[in-house]
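Q: Starting from the known structure of chain A, arrange chain B on it as the hints suggest.
One letter stands for each residue in the lines below.
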Amino acid sequence: DAKTTQPPSMDCAEGRAANLPCNHSTISGNEYVYWYRQIHSQGPQYIIHGLKNNETNEMASLIITEDRKSSTLILPHATLRDTAVYYCIVRVASGTASKLTFGTGTRLQVTL
Amino acid sequence: DSGVTQTPKHLITATGQRVTLRCSPRSGDLSVYWYQQSLDQGLQFLIQYYNGEERAKGNILERFSAQQFPDLHSELNLSSLELGDSALYFCASSPRGDRLTYEQYFGPGTRLTVT
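Heads up: the sequence lines are chains A and B, in that order. Here my numbering is used: the first sequence runs in plain steps of one and ends on residue 187. Here my numbering is used: the second sequence runs in plain steps of one and ends on residue 127.
Next comes chain A alone, as it looks inside the complex (with noise of 0.2 Å):
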């Protein structure tokens, strides 16, 4: 699975959009673009998902550079319980799924 960087840290203030980059240069054509965030010590949650067009869901969108070397997590209107440590995660995906490989992440904290 190819690797992936972060900022270590975002702040945001409640209300606006959370813009959270990864890079992600040494991708490979049939890997995926994930992002996952993990609240205090919960399980991780699953966001979005992607391989090279732009996503949108009820959660977030993902835009992903046409060269796909990059990529940008949009919460379109943050609120303090999207405080939490996100995950971008790039990985192939396989009939049978396959393990997520986790890095550090950005900590996202959202202000009043």
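Hints are computed from structural coordinates only; laboratory data are not their basis. All values derive from a computational prediction rather than experimental measurement. Note that the Cβ used here is the ideal one computed from N, Cα and C, for glycine as well. Among the hints, a few may not be true.
[Claimed, not checked] Calculated cross-link-like contacts (lysine to any residue; reagent style SDA-like; alpha-carbon spacing at most 20 Å):
hint, chain 1, residue 1, chain 2, residue 2
1, B, LYS21, A, GLN117
2, B, LYS21, A, GLN113
3, A, LYS78, B, GLU115
4, B, LYS69, A, THR176
5, A, LYS78, B, GLY70
6, A, LYS78, B, ASN71
7, B, LYS69, A, SER173
8, A, LYS127, B, GLU115
9, B, LYS21, A, SER116
10, B, LYS69, A, GLY178
11, B, LYS69, A, ARG166
12, B, LYS21, A, HIS115
13, A, LYS144, A, SER100
14, A, LYS78, B, GLN53
15, A, LYS78, B, GLN56
16, A, LYS78, B, PHE57
17, B, LYS21, A, GLN120
[Stated by the list, open to error] Now the stretches of chain A that chain B is said to cover, found in silico as 3 or more residues with beta-carbon under 8 Å:
hint, region
18, 135-148
19, 175-187
[Stated by the list, open to error] A few chain A positions that, by computed beta-carbon distances, are all more than 12 Å from chain B:
hint, residue
20, SER84
21, ASP86
22, CYS87
23, GLU89
24, GLY90
25, ALA92
26, ASN94
27, ASN98
28, THR131
29, HIS152
30, LEU155
31, ARG156
A: Okay, now just chain B, sitting in the frame of chain A:
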């Protein structure tokens, strides 16, 4: 609520002892994963089972073992416990289906404290 359940929530035991952590995956999910999260190592993959068979191994110690039963629940057995085994242990499951990409849904974890 992810639909993945883990028991017990907390476990305190002494060095040298053996414990069993239990995980029930989401209904219909065939894959179960175990992860360990310690302060100094972060979240690390231990082992994966798919439909009762071991599918992948990560940084799992020989003192640790796991199995997945016919009803698809899984157990992680930790023996000869050491202080360094104190950690959060998470179980995750992933959906069955024909899609090539699978999200993993994590349980609430078991916090193991070895004294």
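Q: A separate judgement is required for each hint: does it hold in the structure or not?
A: Verification of the supplied hints:
no.: 1; hint: B:LYS21 with A:GLN117; verdict: holds (11 Å)
no.: 2; hint: B:LYS21 with A:GLN113; verdict: holds (17 Å)
no.: 3; hint: A:LYS78 with B:GLU115; verdict: holds (19 Å)
no.: 4; hint: B:LYS69 with A:THR176; verdict: holds (12 Å)
no.: 5; hint: A:LYS78 with B:GLY70; verdict: holds (17 Å)
no.: 6; hint: A:LYS78 with B:ASN71; verdict: holds (18 Å)
no.: 7; hint: B:LYS69 with A:SER173; verdict: holds (10 Å)
no.: 8; hint: A:LYS127 with B:GLU115; verdict: holds (17 Å)
no.: 9; hint: B:LYS21 with A:SER116; verdict: holds (12 Å)
no.: 10; hint: B:LYS69 with A:GLY178; verdict: holds (18 Å)
no.: 11; hint: B:LYS69 with A:ARG166; verdict: holds (16 Å)
no.: 12; hint: B:LYS21 with A:HIS115; verdict: holds (15 Å)
no.: 13; hint: A:LYS144 with A:SER100; verdict: holds (4 Å)
no.: 14; hint: A:LYS78 with B:GLN53; verdict: holds (16 Å)
no.: 15; hint: A:LYS78 with B:GLN56; verdict: holds (15 Å)
no.: 16; hint: A:LYS78 with B:PHE57; verdict: holds (15 Å)
no.: 17; hint: B:LYS21 with A:GLN120; verdict: holds (18 Å)
no.: 18; hint: 135-148; verdict: violated (count 0)
no.: 19; hint: 175-187; verdict: holds (count 5)
no.: 20; hint: SER84; verdict: holds (15 Å)
no.: 21; hint: ASP86; verdict: holds (22 Å)
no.: 22; hint: CYS87; verdict: holds (23 Å)
no.: 23; hint: GLU89; verdict: holds (25 Å)
no.: 24; hint: GLY90; verdict: holds (27 Å)
no.: 25; hint: ALA92; verdict: holds (24 Å)
no.: 26; hint: ASN94; verdict: holds (22 Å)
no.: 27; hint: ASN98; verdict: holds (18 Å)
no.: 28; hint: THR131; verdict: holds (16 Å)
no.: 29; hint: HIS152; verdict: holds (23 Å)
no.: 30; hint: LEU155; verdict: holds (20 Å)
no.: 31; hint: ARG156; verdict: holds (15 Å)
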